[in-house]
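Asker: Sequence:
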Amino acid sequence: MRNRRLAGILILLLISAAVLIALSISYLSQRHQALQTEAFLEEEFEQARQEMVDSTIVARGVKQPDVVRAMREVPRHAFVPEEYLDQAYDDHPLPIGYGQTISQPYIVAWMTELLELQPGEKVLEIGTGSGYQAAVLAELGYVEVHSIEIVPELASSAAERLKKLGYTEVNVRQGDGYYGWEEHAPFDAIIVTAAPDHLPAPLVAQLKDGGRLVIPIGPPGGYQSLWKFVKIGEDLKAYNLGGVAFVPLTGEGVKQGPKVPLPLP
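The working numbering runs 53 ahead of the 1-based position in the sequence shown.
To be clear, the hints were calculated from the coordinates, so they are not data collected in a lab.
The beta carbon of each residue, even a glycine, is placed where N, CA and C say it ideally should be.
It is possible that part of the hints are untrue.
To be verified - Derived Cβ-Cβ restraints for the label pairs, each shown as a range:
(1) 134 with 251: 27 to 35 Å
(2) 236 with 311: 13 to 21 Å
(3) 287 with 96: 49 to 57 Å
Please work from the sequences and hints to get the whole structure.
Answerer: And the structure:
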């Protein structure tokens, strides 16, 4: 009787071990397949990114080597919502929630080039959004990047995403970007990725002498003009670079903050 009981227990242990082995093999097989699929997708994204840079950025005249390199390196698909992954390397904006978008890749590259950044300079971004533009700036490898996002949820998720991707030196905070970031001012360059209908005076005040400000200005819900301003002493040299379309700059500052009139003399 005792031998039968022991034999039964042994059989149960063998069956349990067999089940565990089968489950382990199944898990490892699924994990291997998942890793293969992930590697395949990364290869596909890599190829799509290089084709995007060649066909829509270099082909349209962006020439600064570091900007082109950064656009080749930063994985835009890591900054778009999952439902838009198939469009991650198309040259158009994509929704990221809260009425905001991730900008068109060409515009990101062009605006970055317009900043004319040099090693050791400090740049402020107004409108972090998904964090893509901040990542491109950080990928240059030689500038200090600060970024302000007015939507708390976007500020939090962008900061986490940037750290996860290795852009740990990007300084992100939630706030009204209209007023800049006085604690870190003055800046060598400021880039604004949402459009006010006028030039915010606090941003001009936070530019260094020789500093560059790239900003879309125009009415909400329509086309705006992309402007580049260069601060020379107490004056601004202004360049109107043509039509663009951005989401409007939001917050109390844009409604009641101090303005610099356009066009400049």
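Asker: Against each hint, give a clear statement of whether it holds in the structure.
Answerer: These are the hints, each one checked on the structure:
Separated by about 32 Å at the C-beta atoms, residue 134 and residue 251 satisfy the suggested range of 27 to 35 Å. As the Cβ distance of residue 236 to residue 311 is approximately 19 Å, the hint placing it in 13 to 21 Å holds. The supplied range of 49 to 57 Å is met by residue 287 and residue 96, whose beta-carbon atoms lie about 53 Å from each other.
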